[in-house]
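Asker: Given the structure of chain G, go ahead and fit chains E, A and W onto it with the hints provided.
There are 4 protein chains.
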Amino acid sequence: MVGGGPGAFIGAVHRLVAEMDREFRLVAGAFSSDPAKSAQTGRELGLDPARVYGSWEEMAAKEAALPEGERIHAVSIVTPNHVHAAPAIEFLNRGFHVICDKPLTTDSKTADAIAAAVKKSGKVFALTHNYTGYPMIREMREIVRGGGIGKLRKVYAEYLQGWLATPLEQTGQKQAGWRTDPARSGPGGSLGDIGTHAFQLAEHVTGLKTARVYGKITSFVAGRAVDDDAMALLEYEGGANGVLCCSQVCVGRENGLRLRVFGETGGVAWDQEHPNDLTVWSADGAPQLRRTGNGYLSAAARSLGRVPPGHPEGYLEAFANIYRAFARRIRGEADGMDDPFPTIEDGLRGVRFIEAVIASAKASDWRPIT
Amino acid sequence: MVGGGPGAFIGAVHRLVAEMDREFRLVAGAFSSDPAKSAQTGRELGLDPARVYGSWEEMAAKEAALPEGERIHAVSIVTPNHVHAAPAIEFLNRGFHVICDKPLTTDSKTADAIAAAVKKSGKVFALTHNYTGYPMIREMREIVRGGGIGKLRKVYAEYLQGWLATPLEQTGQKQAGWRTDPARSGPGGSLGDIGTHAFQLAEHVTGLKTARVYGKITSFVAGRAVDDDAMALLEYEGGANGVLCCSQVCVGRENGLRLRVFGETGGVAWDQEHPNDLTVWSADGAPQLRRTGNGYLSAAARSLGRVPPGHPEGYLEAFANIYRAFARRIRGEADGMDDPFPTIEDGLRGVRFIEAVIASAKASDWRPIT
Amino acid sequence: MVGGGPGAFIGAVHRLVAEMDREFRLVAGAFSSDPAKSAQTGRELGLDPARVYGSWEEMAAKEAALPEGERIHAVSIVTPNHVHAAPAIEFLNRGFHVICDKPLTTDSKTADAIAAAVKKSGKVFALTHNYTGYPMIREMREIVRGGGIGKLRKVYAEYLQGWLATPLEQTGQKQAGWRTDPARSGPGGSLGDIGTHAFQLAEHVTGLKTARVYGKITSFVAGRAVDDDAMALLEYEGGANGVLCCSQVCVGRENGLRLRVFGETGGVAWDQEHPNDLTVWSADGAPQLRRTGNGYLSAAARSLGRVPPGHPEGYLEAFANIYRAFARRIRGEADGMDDPFPTIEDGLRGVRFIEAVIASAKASDWRPIT
Amino acid sequence: MVGGGPGAFIGAVHRLVAEMDREFRLVAGAFSSDPAKSAQTGRELGLDPARVYGSWEEMAAKEAALPEGERIHAVSIVTPNHVHAAPAIEFLNRGFHVICDKPLTTDSKTADAIAAAVKKSGKVFALTHNYTGYPMIREMREIVRGGGIGKLRKVYAEYLQGWLATPLEQTGQKQAGWRTDPARSGPGGSLGDIGTHAFQLAEHVTGLKTARVYGKITSFVAGRAVDDDAMALLEYEGGANGVLCCSQVCVGRENGLRLRVFGETGGVAWDQEHPNDLTVWSADGAPQLRRTGNGYLSAAARSLGRVPPGHPEGYLEAFANIYRAFARRIRGEADGMDDPFPTIEDGLRGVRFIEAVIASAKASDWRPIT
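Chains as they are written, first to last, in the numbering used here: chain G, 1 to 370; chain E, 1 to 370; chain A, 1 to 370; chain W, 1 to 370.
Since the hints were made in silico from the structure, they are not lab data.
Here the structure is a predicted model, which means the values were calculated and not measured.
Certain hints may be false.
The calculated lysine-lysine pairs, modelled on DSS-like cross-linking and capped at a C-alpha distance of 25 angstroms, are [as the list claims (entries may be wrong)]:
{"#": "1", "chain 1": "E", "residue 1": "K362", "chain 2": "G", "residue 2": "K362"}
{"#": "2", "chain 1": "G", "residue 1": "K209", "chain 2": "G", "residue 2": "K151"}
{"#": "3", "chain 1": "A", "residue 1": "K209", "chain 2": "A", "residue 2": "K362"}
{"#": "4", "chain 1": "W", "residue 1": "K362", "chain 2": "A", "residue 2": "K362"}
{"#": "5", "chain 1": "E", "residue 1": "K109", "chain 2": "E", "residue 2": "K120"}
{"#": "6", "chain 1": "G", "residue 1": "K151", "chain 2": "G", "residue 2": "K62"}
A few chain G residues facing chain E, derived, Cβ under 10 angstroms [what the hints assert, rightly or not]:
{"#": "7", "residue": "I149"}
{"#": "8", "residue": "K154"}
{"#": "9", "residue": "C250"}
{"#": "10", "residue": "R253"}
{"#": "11", "residue": "A269"}
The beta carbon of each residue, even a glycine, is placed where N, CA and C say it ideally should be.
Extracted from the complex, chain G is given alone in its bound form (with noise of 0.2 angstroms):
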């Protein structure tokens, strides 16, 4: 792993998904451009001091030197924006699996420099959109895809959280620090940080790509250096439409991710709070309640649970199957999912969609995402 040290949430979450299914043991690690924080995360975690680095640069060099099969098979990148083109090409360059947090990185350049490293080295390479390992996701991508709903006429996807809408970062919290760092962060704040998640998800259902975007972006809390608010209108390549809002200012909203997608006979809906209901419409029948587990869903669906019907599952066993997807992938093995997991090429758009948002919303005029 690098990055992940003291005070990391996303960190910690990977560390306990990645391991949830026996596919992978933490064993090395650069935990912070701090080495002695590093070793304090390593000690915490229990590991071998001399396989805990004090910079990934050494970590990737002093792994790639030790024997094959006693290195390690794939490096789980969960640092800052600015901090994953580096490592993830220096990973993938000595030979080695990567799996790296959203947004990709912070701008175009660098994404196109990560996919070249991608192609070049042939290995397997994971965004973890982890929203996509959610049972009711796959379900809803299966009758959106399946042609359950008809043709796609919109999308309504949205993500409101409350946590930033007072200067947290002003307060020293390191979350909310890096976030609201356009030079860590990259241009956008909320767009990066949750907006590419409702992006990525619309895309991911309904297989639509968004041919083009018109933005409104918003600080509203005052001295914040990034967006903490953003909607934007979107248009589908093939004639679909809707609309993409995602905010941090919405007090008292969670992790409010949501998306609605309706056809020319039928519609979902689904919401990441209660994310073992999925809701189907149709054109002349009563609504279906489905339900994570159920032997009415697709196999694919099911394939992403672990527990019978009403035994809830919950983001860290959604954000477990990108891992188990990821291992299976590595070892070349089927899956359920035919995208197992978030690839390259959804880090790519989610980057342009930040790009394109931004330029859109100073221009007051659509920008295409490439």
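Answerer: Just chains E, A and W now, kept in the frame of chain G:
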């Protein structure tokens, strides 16, 4: 009553709710432009045939000619949008109070003419944006306008239906027919029919004025002459912003009018399909689920209920609250609502909203709402 | 109307719903046993003072003496439970149709006397177990009686309120006063006031007859002379069983009437506080969420709605459905409901249910409901 | 681990959750009474074949013979109910900590024997009534035991499933097989499998002791040798009472464990299928909807979460909380929970609950729980 003949939906609703609180009694009407149909409806309603008229012009003239105490006190106009202005002006001019369905009319020019007639007449004019009659909308307004969620930042308004997902107007269905005919509905389809409700409700609850809009409108159903779907980014005076979505092609959605408002210290959310529930978020405490009829509500919200908590009140009761307030205003009585019902001003803004969104969509640029 | 004077809750509800569909018009009443209060209510309602009576005996005699066509058609009895029987019998005997609040009366003996009067008179007698008027209760009944969930196994009925969690009757509150006074309410407190609703609804929906009960009753509030909480195990003829809970001391619960029924191949669930939703489970498919007003409902359920899907109908509309069916039965018209309203038979069973639960609790043994 | 071989459900769950927080690592097991199957499971799990045993007797003897530091620290017993007592006693006697699935065992006599072994050994014994591990159950307990709803009056506990609505055991399904075989499950069917969960949870949350029960048990499926449905009226010490319903024939219900508790000044409600929500009612204010992970929760409830608010935690995380607390207790560390997990005492009461309900149903009389 003017309008509300055979096959009408909203006319029957108006009749029921006008009488619910024994404030009004239907005694006369011009129910259709076809005298035979008007007479048929009058017979079905058990009215005195002498007061069932073949046209609204005849009705206005003959009722005005009756001795005081025998003539109607007020007229309810429930015709398609293009037949609001002329009868409204005529009845106002003849000294009758008017309660009129929404949107006010089809264009700004005739809207201004009605406004002038209202002013000149000194009579009471109410517009049936009926959703303002819900107790929990009133509670929401009390909270928001009373500073309960702080300075406002975000407004999310949506009104999604699915009943026009197919070319229903081509089957002879009367409701679909006039609503999709620009000659009768005006230039807005979904915008006029339901978008104006969402727009009005957002301003009603927040007290904010919409400064400008950026709109996108779509006619998804082939051959449809008006929009059946619209989205608009909104900027409010004072710095808040938001988004409004309306659609009549969201298959499976019934009457999905929802409003969420967030300020610096809290948020509120309401869904018309479960209208007795109001979610209230604050920065520090647990979310509240306020419910109609309880003692912890504001006096204004309590005044709009008829039955104890847990006895659901619905669409008809909310609508009847508009008529009850209209009656009280005619009598000059105090009412629990400071603005007892939507007025000509709401009507003017609604027409300008329709025009601004369409103009914006055409120009691909923001347009003010004056 | 008999009863419904100053401070009454249910009387005002009856007046509103009786007139909602223009089937009835209130023209006469004996609103209180105190003639001055009766006159006051009559004035407030704008009635002809000549037809506002000082007692129900006077009203029955004088109305009967009016020429046919000028006298009332039917009487609505909305007094406390101990004043149901005498006026009901008197009005029936004088040839008037009767619609009476529940429970029918305070004991089996007077219940039988009313039943005899109904039979002898040949007049229509309706009991306002108003919850049967909800469209989704009707849908539930159609499903269950139509075999849609197979042979029945389980019934879970509950009716939980919290408004009597404190000794409200000691504060002079009128509603609490008579409901907790066995001389006026009969031997059942919560059992009579709300338990009979749950009992009746369960039999109404399932078509099952309750064979015997095992009851436990409690008076949680010190000094209360009747139960404020009861539970009963139920055995139905044919092998199904279940449980019924009613309580008026569940703090925070408003009007929590819920019914769930399970059979060999499916289940259904309904909650009065969100009455437009009905959950339907089947053995193999996804749960359905059926909603009022939709074309996929049974004709019977559709016939009980007034507005399109998504326009919530509530307690008053459901109650009005009872009056509308009562009117149609008086006219001998067909109605969408095979049993258009609860009848004397429901009333008899309700009284026997109260008596059986109390006797069972006293004896700590099962008691039949004959 | 003892048990958890091919086809087992709960064994796989125990393995996953035991390792979730890196507190335990599975190193040895006797996974089946069939040595070949045990070996197969060991291979699938990648264990050292030397520590995969053909019987739990062998495992206990050989692990105890290993040098300290090389032997297991604790054993997880996940066999059918009739194979809990013997291995538990044996491993306790040999000085191992034990964590055992519920119900404790099949009868009071063997339950007492386990209790004696626990006492004599001085080792930590945990019973996996896993639902106590949910953060919102912990919050509920803090509220109720902290006096937040006043003196307790009512408890409504239910646990409804539908998976045994047909004779599934006749198809060879392993889970259904042993659960409906009294030789393996003990005398209780649904009572033991899920009724004990509801019973334990109610006492856990309230701190009340159930004084006596009146039960009714049913085997709805023809030929089934144990109950598949039960109901019990409950009387608690101190005056509260309630009802407990469990069923495995409620078609469509997945894992419907719900608990509601009401006191003199408030109430609380929780539903396992949406476990991150807790409804809290008070006498005067609006209901609260408390949610996992928030700062407004009690410290105890917060300590049981792993991720921020809005990131759903589910069944596996709650279960893992039991294992984490078990590990901390073994190490003698403080934990956020005063009772970090259900103990032998919960187990004893569960067995007595099963026996009391069955005896009560047989005698048609109340039975104490000693």
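Asker: Would you mind marking each hint as holding or not holding in the structure?
Answerer: Checked hints:
Restraint check for K362 of chain E and K362 of chain G: satisfied, since their Cα atoms lie roughly 20 angstroms apart, inside the 25 angstroms limit. Pair hint K209 of chain G plus K151 of chain G holds up; C-alpha atoms about 14 angstroms apart against a cutoff of 25 angstroms. With a C-alpha separation of about 23 angstroms, the suggested pairing of K209 of chain A with K362 of chain A holds against the 25 angstroms cut-off. Our distance criterion of 25 angstroms between C-alpha atoms is met by K362 of chain W and K362 of chain A, whose separation comes to about 20 angstroms.
Of the supplied pair hints, the one linking K109 of chain E and K120 of chain E holds, its CA atoms being roughly 17 angstroms apart against a limit of 25 angstroms. At most 25 angstroms may separate the alpha-carbon atoms for a hinted pair to count; K151 of chain G and K62 of chain G exceed this at roughly 53 angstroms. Annotation: I149 of chain G was flagged as interfacial toward chain E, and the flag holds, the nearest CB pair being 7 angstroms apart, inside 10 angstroms. Given the 10 angstroms rule on beta carbons, the hint for K154 of chain G holds: about 6 angstroms separates it from the nearest Cβ of chain E.
Restraint check, C250 of chain G versus chain E: the minimum CB separation of about 5 angstroms is within 10 angstroms; hint holds. Annotation: interface hint on R253 of chain G holds; nearest CB of chain E at approximately 7 angstroms, less than 10 angstroms. A cut of 10 angstroms between beta carbons decides the hint on A269 of chain G: the least distance to chain E is about 9 angstroms, and the hint holds.
The structure is inconsistent with hint 6 alone, although it conforms to all the rest.
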